[in-house]
Structures are given as C-alpha cells and as structure tokens.
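Student: Here is what each chain is made of, one letter per residue.
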Amino acid sequence: MATVDVKNLCKRYDDFVALDGVSIAARSGELVTLLGPSGCGKSTTLRCLAGFLEPDGGEMAVDGQSILATPSNRRGFGVVFQNYALFPHMTVAENIGYGLRLRKCSGSEITTRVHDVMSLVKLTGLEHRMPREISGGQQQRVALARALVLKPKLLLLDEPLANLDARLRDEVRWLIRDLQQQSGITAFYVTHDQSEAMAISDMVAVMKKGRVAQFATPREIYQKPVERYVADFTGEANFLSCRSLEACGEGRMRISVGGAELDVDCVPSLEPGEAAELLLRPESLQLATLGEDVTFRGRIVKSAFLGASQHCEIALADGGVLKLTTAPNAPVRIGDEVGIVVDRSHAWLMPEGTK
Amino acid sequence: MATVDVKNLCKRYDDFVALDGVSIAARSGELVTLLGPSGCGKSTTLRCLAGFLEPDGGEMAVDGQSILATPSNRRGFGVVFQNYALFPHMTVAENIGYGLRLRKCSGSEITTRVHDVMSLVKLTGLEHRMPREISGGQQQRVALARALVLKPKLLLLDEPLANLDARLRDEVRWLIRDLQQQSGITAFYVTHDQSEAMAISDMVAVMKKGRVAQFATPREIYQKPVERYVADFTGEANFLSCRSLEACGEGRMRISVGGAELDVDCVPSLEPGEAAELLLRPESLQLATLGEDVTFRGRIVKSAFLGASQHCEIALADGGVLKLTTAPNAPVRIGDEVGIVVDRSHAWLMPEGTK
Amino acid sequence: MSGASTMFVQQRPVGLGFALLIVLLYVFLLVPLVTIVGASFTAGLMIEFPPRGFSLQWYREFFGRRDLVDGLLLSLRVGAITAIVTTIVATMAALCGQALSGRKGGWFQLAMTLPLLVPELLTAVGLLFFLFKIGLGKTVLGLQMGHILMSFPYAYVSITAALRQVPSSLDEASASLGATHWQTFRMVTLPLIMPGVVMGAIFAFINSFDLYTISLLLKPLGGNTLPLALFDFLTYEFKPTAAAAATISIVLSVIGVALVQRLVGLQRAF
Amino acid sequence: QSDRFIVNMFGGRWENDWRQHVMPRFAEQTGKPFDLDIGLGMSWISNFRAAGVDNPPFPAVMLNEKYTAMIRNDGYFEELTPEKVPNMADLIEPAILKGKTAVTGMLAPLVLAYRTDLVKSPPKGWADLWDERFKGQLGLYKITNSAATMMALWAGEHFGSGRDDIETAIAKFKELAPFPQIGYSAQLTPLLTQGQIAVAPIDVGEVKSMQEQGVPIDFVVPEEGMMVFDHSFSVFKNHPDKKLGEDYVNFVLSPETQLWMAENWLIAPTNKTVELPEELQKWPLQADVVSKAIRFDWDETLAIIPDLNDLWERTI
Amino acid sequence: MIKARHLRLLLGAPAVVLIFVFMILPITNMVEMSFRVPGTVEPFGDDYTLMHYTRVFGDSFYWGILARSLLTAGSVALLCLIVSYPIAWHLSKASGLKAALLYALIASPLMTGVLVRNFGWMIVTALNGPLNETLIGLGIISQPLRLLFTQGLVIVALVHVFVPFMVLPINNALRNIPDNLVEASVSMGASRYRVFRDIILPLSFPGIQPGLILVYVLAVAAYVTPALLGGQMVTYMPTMIIAELTGTFRWPLGSALAIMLSLSTILVVGLFTMLTWRLMERARA
Ligand SMILES: Nc1ncnc2c1ncn2[C@@H]1O[C@H](COP(=O)(O)OP(=O)(O)OP(=O)(O)O)[C@@H](O)[C@H]1O
Ligand SMILES: Nc1ncnc2c1ncn2[C@@H]1O[C@H](COP(=O)(O)OP(=O)(O)OP(=O)(O)O)[C@@H](O)[C@H]1O
Ligand SMILES: [Mg+2]
Ligand SMILES: [Mg+2]
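Chains A, B, C, D and E, in that order, are what the protein sequence lines are. Counting in the numbering used here, the first sequence runs from 485 upward without gaps. Counting in the numbering used here, the second sequence runs from 485 upward without gaps. Counting in the numbering used here, the third sequence runs from -19 upward without gaps. Counting in the numbering used here, the fourth sequence runs from 451 upward without gaps. Counting in the numbering used here, the fifth sequence runs from 541 upward without gaps.
Keep in mind the hints are simulated off the structure, nothing from the lab. A hint or two may mislead.
Pairs of lysine to any residue, SDA-like flavour, derived with a Cα cap of 25 Å [to be verified]:
# : chain 1 : residue 1 : chain 2 : residue 2
1 : B       : K807      : A       : E720
2 : C       : K219      : C       : A23
3 : A       : K692      : B       : Q622
4 : A       : K637      : A       : R651
With these hints in hand, go ahead and build the complete structure from the sequences.
Tutor: Dropping the structure here:
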C-alpha cells in the first residue's frame, strides 16, 4: 500500500563498491524481486532500504517521501531474514507480539492480533513453543507473522526460503505470495533462485555486480533478456554465435547461424552487422520427427531421465552444444543422429556479451 | 569395481529405531542412490557402511566378504561429506594427498597422483590455497578428489551437493556422475532431492522411516511407484481416489474415476475391488484443444509463470485438484473452464495408502 | 563423537587407560579441596588428613574470631561491589567492543585485558603510589578500585563471548519492529547474554575474593580481607580454624555456582 | 582529629588478642573507639613512605627496630620524653632507642627449639647449628626476616672478622644449605610439629603453644646469648592525634599491659616494675636473661642489609 | 545512525577511564620511578639515571633469576597443557548434566582462593599426610617424602591453580572441530594416533595457544604460591621484586626489576605468538 522509489543507490564497504547506482521501483501492492548471484549486492540494497545500512549516495522514497533521514525503527517496514532471526528467548507468541508490545498496545489487543495473524499463517496451537522447538518451515512462518502483525507499509524479505528444503520451500513460497496479495502490501524479495523469482514476482530486478542489469516482468526477463548474463541466470539457455545480416521490421533481424538463415526478434538497440548471440531456451527446441522443418542437425552426447522429462545434449556439426528437454519416454540414445526444430517465435537475438 | 550387499541392516539410537531392516545392493560400477526425506535413515545407512557406526544387526558384504569386523580405517572406502569436511589447516594439495601420506607413499608419487586427480576434477592451480580460500563448488571438488585419489573400492557420498547453489549443483552433479562412470567405481549416494536422484542413478532406494520403500531404477520409481509415498516423494503428482472394477489383462485394471471409466496399468499385487488411487503425473495431463478426447473438466484456480513452463491448478467438479504444466505461452486465465486430456499409458494405479 | 566411539569399541585397552588417566586428573583437581574440607572437621588439635574424629569446634572457633569474621565480611562486601560495578562497566565495554571492528577492535580487546597481562605485583605497587597521590591511600575505596581493576578482564571476556553468540540480525530484527536501541538492549540483547553476564559477575566476585597481592598493599586502615586474615592466621597459628575458614570460602563459591545454575543454567554459562 | 583511634598490630592471634583483651582498656581510658591496622613491618613502611612525612595514616606505630631505623632519621617521629610518656621512667635502659624516637614495648626471645624425640643430644648454642648431627634437619629464616639478618651478623662476628664480614657469614650459611627458609617464626611450627625439621631458632611463644598441643618439643637458651625480636613504639610528629599516640605508648609500657603480654604471649617485659609470676619463671623473660641477649645496632645493620641480602640471594 | 554508533562507542568510556587511570597512569609512574636515583632519606631521589637498568641488565645474577622465573613459568605452562588436554578432551565430549558437573569440577580450583588451595597442598603433602600415607600404603616408598618447600611442589600447585585457564579454551577449540573431520580422516585410513596428530591437535591449537600464553603470564607473576609452598629455597623474580620494594625499599631498583620482568614476559609471549602464528593461521577455520 505504498510506492517505493530507489534511485541511483550507492554503497561502499571500505574500498569495495557493493552498490553502484541501483534504481528500482515498486508500485503499490507489487512484489518486486531482486535476483542475482551471491555477492551481487541484493542484501545490501535491502539493508539500505531497511535502514540497517546508510547508503553513500542516491535516494530512497516511500510514497514520494524520502526516508533517508528516518532511522530504522521508525520506518515501519517489516523485515524477514534468511535465518529468521527469531528471538530465541521468547515463545512464538511473544516473538510475534514483540512489535505490538513496543507500540504499547494493550494486553488484550496483543492477544487478539497475535492470534489472528497466527491463524492466518496456520500456526495456531504453537503459541507457547520456543523457536527451537518448532520446525524450519514453522519458524519461517513465525518470522513472517512477526512482520505482518504490524501491518507494515513495506515488506522486505531477504532469501526467506534459503534454509528450507525443496518441498517446504514450495509451500512457504505460495503462502508468502498469497498473504502479500491478500493484504496488498508492497514487498521486496531477495533470492538467487530464478524459479522462485519467476513464480511469485510482479517485477524482477536482475542484479550484476552492484548494478541492475534488467528490471522488468518475469516473462520479459525470461524471454527477452537484454544480455547474456540475464539469460544465463534466469534459466537453462543455449547460445549460438551468429551474424546479424539486416533488420527486417521493428525489432526483428535476419541472421545467419549454423548454416541456416532465420528471422528472429531482437533487442531493439541491436544494429545490423554487430556480433550477436542467439538465445534458444531448451523448451523452444524439439527433436524432429518425420517430415518436420529441421533447422539444425547433430548427435546426442548426453541424456538423463529427470522423471517429468528427459534432458539431452546434442553436439552440432560446428561444435556448438544444444541442451533440450524431451518427453520422459521419447527414445533418446547416445550417439544417435537427430534433427532439431526451432520454435522461431521464441528465439531471441542479443548483442554479444561477455558472460 | 566392487559389488556391495546390505542385508537387513538394523540400527537403534537408544530407544529410537533409525534403521529397521534395510536391504540394498549395488552391482559393480553402479551408482545407487538413497533417497528420502530428512530423518529417514539415509545417513545412518551410509555411516554403517563407512564404519562410523556399528549396526545392531544385519550383514554388509563387499565382493561377497563381510566387512562387519573391519574397522573403518581399513575398509578402503572413499567418503564425501555434505559439508565437505575438508581439513581447514591443510592446503588443497595437502588435503588431497593426506590419504596417500597415511599410506606412506613417496613424496614424488604423492605429487604426481595429487596433480593427476586435481586436473581430473579441474582444480589445477589451486594446490596451495586453503579450503576457506576457494569457492563452495571448488571445495566440493576437493572433497571428491580427496576420496578418488585413493582409488577406493566404494565411494560413499552423503548429500554432496546440499550446500551448493542451484547452478553449481548441476555442474558438480555431472562431474560426479562422469568421474564415477569413467573410473567404474561403485558408489552409494545420499540425497533428498528427487531430481538429483533421478538424473544420476543406476538404482534408487526410496527410504521411509528406516526402511526401503522401493528399490528400483529411476524410471520405475517415477512411473511405477509401489505406493503413494514413493510417488509423492519422487515428483509432482496428482492422486485421484477411484474404484478398481476388474482386472483386464496382466497388470492392468479397469477403474472408474471422476465419472469416467479407464483401463490403466497397476501395481501387480492389486486386487479388483480394493480401494485404489490413480497417479497422474502433471506431464501426462494436457489442457484440451478443440476436438480432443477430454477425460476431465474443471476450472483454473492458480497459475504461475516459471520461465520454461507454466504451472496451473485446476479444480475438478468433484472437489479434486489437478496440477499440470503447460507451455510458457499457453493462454491460461484464472477462472476459465477447461477440459483435460490424460495420457492413459502414463496413468498408474496403486493401492490406497496413507500418505 | 560417534566416529570416536566406534574406535573405542575396537581398541578397548587404550580406552580403559584413558579413562584411568582422566579419573586421576580429576582426583588431582579435587584433592587439595577435599583435604581442607576434611581437615576442618577434625576433633583433634592439629591440621591433619584424614581428620581425627568429627567435630564442629573449629567452626565455632572461626566465628568467635573477630579478625577472621571481619575479614570475611570485608571480602564479601568488596567482592559484591566489585561484581556489580565490574559487570556493568564490562557489559558497556563489551557492547562498545562489538561495534569496533578489525584492528581497532583488537587494540581495544588488548587494553581491556591489560590487567590480566601485566604482573599483578607491578600493578599493585603502581596503584599504591598512585592512590596516595590522589588521596585514596589506605581507604576502602582505593582497595575497591584495585579489585575492580583486577576483576574487570574476567567479566569483560565472559560477556564479550556471550555477546558474540548473539547474531546481529536479532538487533536488526528488533529495530525493524520499532524498538529503540535501549529497548533492543533490554528486551533482546540482555536476556540473551544473561548467562555470560552472570558468569562474568561470578568470576569477578571469585577473583576479588581471592586477590592477595593487591589487597596486601592497598588494604584500608583497620581492615583485612579474608585471604589476608587467613594468611596472617596461618603465619602465627597453624590450627584447623584455617581449614574451617577455607571450607567456608569453598562453600560460598559453591553457593555462587549453584546460583548460576539456578539463574541461567551452567551449561549455557560457559 | 579523626573519630577513631587507629594503631597497628600484626594479624592473626596478635590482632585478635589485642582487639579483645588489650585495646578495650585503652578505649575505656580515652573514651574513643579504636581500630587496628593489620600488617607487617614492610607493608607499614611502604604505606608511610607512600603517604609521606606530612600525612601519617595513624598516630602511633609499632615496628621492629629494623623498620624504625629505616625512617627514624627522616623526621617522621616525635621525640619521646618521660613528660609525655610517664612510664618511660621505669624502662630498662636498652629499651630507649636511638634519638629517643622509639621505645621498645615488647621483647620476644628467640631461642633454639628442638624435637625431643628426633634429637638425641640437644644443641647448646648457635654454633651447634653447624654440627653434622643436625644436617638436613634445620629450619631457618629467609634473609628478609630480621631473625636471619641477626643470625648472619652473629655468624660474621663469630666465624669471621666482625659483624660486617658478610662473606664469611654467607659462606657459613651456604654450608647449611639446603634448608627451608621461612618468612615468619610461626611458619616453622607446622614443620616442627610434623617433624619435617628437628631444630630451629624460634619465638618462645611458639614453643609454648606446641607443647600445649602435645608436640614433643623443648628449647635451649643459646650459650652465646639469645636473640630478641624487639617491637618498638613511636609517635608521629605530624599526626593530629599525636597526644593520643603518646598516651597509647604510655599504656603499652604500663605494668598491667606488660604483664598481660608476658602471661599471654611470653613477651619479656621492658618495664622494670613488672613482677613475673611463678609459672613464667621457666621461660627466659627475666630482665637479667634479657639483658644478656645479643643486640644489634640497626643503623649499621641497615647499611649492610642490601649487600647482605644480595649476597645471600646469590649464594644460597 | 552515525550518532547511534558513536553512542555505542561512548559506552566504552568508563572502562577506558578505569584502565587508563588505575592501570596505565600508575604503571607509567612505576616506569618513571625506575629511572630515579636511589634516595638517602626517601626511597628515591629527584634526579634521573639509567644506573638501575645497567645494573640489572649487566648482572648475571639477575639474569639467572629471570631465566629461572621464565623457565619455571614455561614448564608450568607446558605441564598444565599436558594435564589439561585430556581433561578438555573428555569435557568436550560430554553434554547435558554431565558436562555441567564436569565444568563445576574443573572450575573448582578457580573458585577457591589461591591461599586455600595452597593450604590444601600443605595438608596433602604433610609428612603424615594423605599423599605420603598412600604412597607408603602402595609400597612405592618406604620413608615419607618431605615435599613441602620443594620446587616440585610449587610447580605442581601452580599447575593445579591454572588448569581451568587451560582447559576452557582448549575445550572450546575441541568442540569446534566437526566430528566428520575425524570421520573423513578415519575413512582415508588414519589410525587413532594419526587422527590425533594430524587433525585434532593442529585444530585445537587455537585453544592451546591462548591457554599457554595466559598460564605463562600468570605463572611468571605468581607470588603467593612460591612464597607459601616454596619455602624460599629458590628465588623467583616476583619474590625479588617484593623484597626490593617492600623489604629494602629500593623502589627504583624494584621498579626496574618489575619492568625487566614485564618486558621479558611480553618478549617471550610476542616471540611465541610469532613462532606459532602460522599454526594459528592455518587452524583458523
Ligand atoms: N560488512 C561488509 N564489509 C565488506 N564487504 C561486504 C560487507 N557486507 C557485504 N560485503 C560485500 O558486498 C558485496 C555484496 O554483498 P551482499 O550481501 O549485498 O550480497 P548478496 O547479493 O546479498 O549475496 P548473497 O546471495 O551471498 O547473500 C559482497 O561482495 C560482499 O562480499
Ligand atoms: N546420534 C543420534 N542419536 C539419536 N538419534 C539420532 C542420532 N543420529 C541420528 N538420529 C536419528 O536417527 C534418524 C535417522 O537419522 P539420519 O541422520 O540417518 O537421517 P537422514 O535420512 O540422513 O536425514 P537428513 O536428510 O536430515 O540428513 C533421525 O530421526 C535422527 O533424529
Ligand atoms: Mg544476501
Ligand atoms: Mg543425513
């Protein structure tokens, strides 16, 4: 229920530049994810927002008002930490009610509000346990409840699922998304897991060494990345070097790749003749069956059964390798010669980048 | 290069029965995975094999010879631990060479063998770093190299990838599989990640509370699980309660479910009339396009863009929910009425089980 | 542990030898104390172990001796004040030390443990001159300052160790929930470092109760601490009363430890 | 003027008795509460020196002459006269010390004690300490104790060229090494009691208390003459309670107090008017025995002490 | 936020004042004292001189006592390590109530004064004391041993006093060694002994080093125990210093000796730290 504007945020630790001009924004009720590899500055950005760190430069505003001068304890944001940061000497109920107690709420009000939020996150019955006596998933929910009970303007979540196992992660991820949408709280969410980011965000900021490489919707990030780094980080990807021959319409380009010529969508700023790379997601590739329009040919070099699907790697004649996914029971044998069909509407051309 | 036979292994911690008759076997050169949720006894099994724990009952044999009486330091197995267990006070090269040193190899032999194995796992150049000065993925490879350099009869890996991030995990997982296959070492591999288990194993033992629920190839485990627990643990799954009407051939059964009658494969021991559950993996379901043979009808209640695909949940008329996966750009809107097509060759009938 | 225990199973003789060694070492730790306590109950006239019969006569004698009882009372008073003041100052210093990082933190740590690193004697003599210079010579306050100084590092080290166990994310979590620094300290940090604080206070008290050289030089007019009184007593009389006095200090220490155990649990305190 | 009257005393039994049996009578006289500063010569001297001439912490002090000598030339003390301290008139002559800054109030005889069960023929005098039969059975003092100083000076005189012949003295003691070196005479008690040593120069008071505990022990007054620990009393010139201090010294020298100390501590009275009761006759407290004791000039001794200590430490 | 940080630093002020005023100033005073000329009336005169240092450093007698002090402290520290290591190991394997009891047991010497403990040793080692009786009872000796006032007893008593200072840090370090390092090394074929030598010992060094340093520093300056149990048969630096300061009242000389002792202690500790720096660096996880 608040708009957030972060402009050109900079932060140095001694000599090390951790943030080098980060700009992101959230509209009211949006969930914005900061996605990036370890050390790229995600937590630093969040900690500046929370007020735990003082930025060296830039502006942060909530609802149009700068918060730079507001100390952490008056910003009124909810923060959920990676390792939960539950107070080990307080029961679950005391943890959740702590913020209310600080606000001098009456005992009965605290009881009802704690009770309500606990049933919201499905923790009823655990009031009197200590944090060490409940499971990781439950701890995570306590941390969430503790932040939510104060009805924060803005929710900041720093890798809230990192310590959960795969199955719990899924469950809590949906819980967070549901609660955030129900209550309409604006949220910033830090993760280095691309599928997590894709699944729950309204907007994703892919970060790279203290900068934002791309800030867009999940779909755009995945399908129309502005550089190889983004494509690489947001999912499995095949890259083929190619020559761009000529523009053929707004944002389209004709290219020559692996002996074939194709018309594909491209990054708008790309100029014909520039060295470029073609992004082919595994799911836009298919092994050819009879009579199809084969784009590439190659030999299967690796395959693995993954349950819901099979993973194959195919070496092309010119040395490139394409990874693709097939139905779990498709007959793939290492060494077979195969043809590959490309879904051209999902090929994407980017300027050649350093990885 | 060794066959391993574990028969009826039992282990108690005080009152708690951690292993309750575990039997698994590995043929020479096979990679056998122990898969199961936290606390089911995977590590305990492995630690009995390694000799760190003394089993209370059962038999363990390598190449037909019992190893029960052999102390751990004479079993000659290689062990790779979850958190690597690198010696923090030794350099990378010293860590890898430690076992050779214990075997009183000459200095020059140690140097060459360490060098060889380091280039095998692509660590060349890091010889003189301390473990804390290299990345998680590199540490993992040191742990692997340290076990491999001794040419162990049997390699035991306890969640070797748990501490790596998603991208590294993939890389190291393939490295392990490649090395294991190249050298033909028999290996036991512990994980709770089903996709990991599926991807690299020759055989998978799915464990449940100190027992082996199913011991089979990955494909069989995924497609023909003997009970709901196994199906649930090895991937996304939809379960529909149904009535089995009559057997219709070897291992096939006619059932009635959600208003339709189907002929499906089933667990051989299943008797007609028994309460049963139908397993439908998300990938064997498809949203119907025009004119297809629709099995179920329902309404879309949730959808999420995952990059390579989209996830939908569809509520059926009788209250059941089916999860399925569609192409990333398929038009799915929450609230739409849709039909669902089932790939009958991949439906699987199991006895009704407690979850 | 399990790895080691398996090894035990296989090499029992070593295990047995080790167990014997451990028992001997613990006996070594306890022997002088047990002897004193035993000797204090003797019915005979000489200090000896095993005691000759059982009697409480030496305790009666102890409580009849004003020099010893006064020493005990002064020691208790100085020790209690030392424990309180030291703990407060050390808690503040530990919070400060936590905020200092790297090299500066190292120097601070060194400065705070200085009284432990300089021979007590040097400090004592220096303090003696200094206290007379500032008009605190031969006063209880001067003695008190000496005790606080010498006990400070123990409390500081114990509290700092406890503070290090509190992740900084708890402070941040508390701030994000609206707590001021003081509220965070009172409601989060302090309860969590309490075991360390209590342990620090106990260490400070015990140390103060035991200081000899400093007390010898700085003791106030007309006052003697228990160790000094005991030393004097032993100098002129060699009677089991001394064993009774020593036993009383042991009992006081045990009460202190039991108090920690009740307040914070001993395992957490170390 | 302070509200309490403070004087010094040794700790332990001394303190206890002084507090309970002696001082109350003085407090009754003056009507002022009292307190004791417990310690030893060296700690008092440290304190007086640290406090300076102008700020003595309390008005009257009891010290071994060794310590008195250290500061009596520094202007700390008041000159004492029979006008100020009437009982001075009855003192035996050697009790009035140099410069009249101090009077000896207690003389504690130092004799040779021996275990009657462990020693077949008892020693007769100091020289017998060097006899083969006592080898390894001796307990002596460390050199910072005045007893050791006195014995060293005596040995210099007896075996060498004079009291300042420290080389000879030390060489003679070297012959006796190793022997336990004790800080205070009472620390010899447990050793004698347990039989860890058989012969030691010791305060007669200790002999008496050991005999009372049933230890088979006896003593001889050395034929060369016994030595004495002398505790002298002085008054500080610059203390506001100087007058009370003088009264206190007078009180200590009074026949009642002197007799009390003789009866309870086996201290030889320095007041000539004291009549020793019958049961004390077997102890060497009588004025004629005491006058034959070997005495030392502490001013000279102090000049020798640094070198003596040095050589002792280096040699033994 | 800047302000909050400064406030936090301000919390250190009382402690800094305490240390500065009651520790650093007095010691500076002592240092100054050590450069004074000896006094005739007062313990020191008004002029400054280096004579005490030339005297102290130029005299093999003092060097001998210093060396004896440092060596004795060194052997106390080493013996203490030998005694403490098994205890620390045993302790690090205990948990729950057992651990609490063991902690109490180990801390017990700390909780009873130096004097009390020394007094205990006097009783134990008496000619007819329990130790002699036991040894005679076991037939190990036929004559009671005179143990009081021997250097051996001083060392034993000092070791006893300092055991807790050694056990606690080593126990800490041992607890921080993950079990699976031991298992890893066993799985590679290491014997019990090799596991100890190659893994446990080096990794517990971060506990051993501070333990050794602390015990060493405390042992160098120990005064009461040698005075009470040593019977002054041998002279140590602290005894010397006390004697000079409070016996002969040569304060400048005493100060110089005290400073010599402190400096050489710092030197030894510094040297030791430097020599073991690599070991520490390596073991720091
Ligand atoms: N207190 C600090 N002092 C110095 N450098 C720091 C500090 N905190 C973080 N850094 C550095 O700043 C960079 C950004 O850190 P940040 O914690 O924001 O990364 P992140 O994106 O959250 O990574 P992760 O996924 O590992 O949490 C890192 O390279 C880190 O090493
Ligand atoms: N030393 C022990 N004492 C008592 N119980 C133990 C001990 N070690 C393990 N257990 C219990 O035995 C069971 C099996 O443990 P094990 O470590 O084999 O599980 P796991 O399958 O490896 O689980 P995870 O995935 O969490 O590692 C668990 O319930 C655990 O609580
Ligand atoms: Mg982070
Ligand atoms: Mg496990």
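Student: Just to be careful, I want the Cα atoms of A:K692 and B:Q622 compared with a cutoff of 25 Å; is the pair within it?
Tutor: holds, 22 Å
Student: Between the alpha carbons of A:K637 and A:R651, is the straight-line distance 25 Å or under?
Tutor: violated, 30 Å
Student: Under the criterion that the straight-line Cα-Cα distance not exceed 25 Å, is the pair C:K219, C:A23 satisfied?
Tutor: holds, 12 Å
Student: Can the restraint linking B:K807 and A:E720 be considered satisfied, given a maximum Cα separation of 25 Å?
Tutor: holds, 23 Å
Going through the hint list in order, the structure does not satisfy hint 4, though it satisfies all others.
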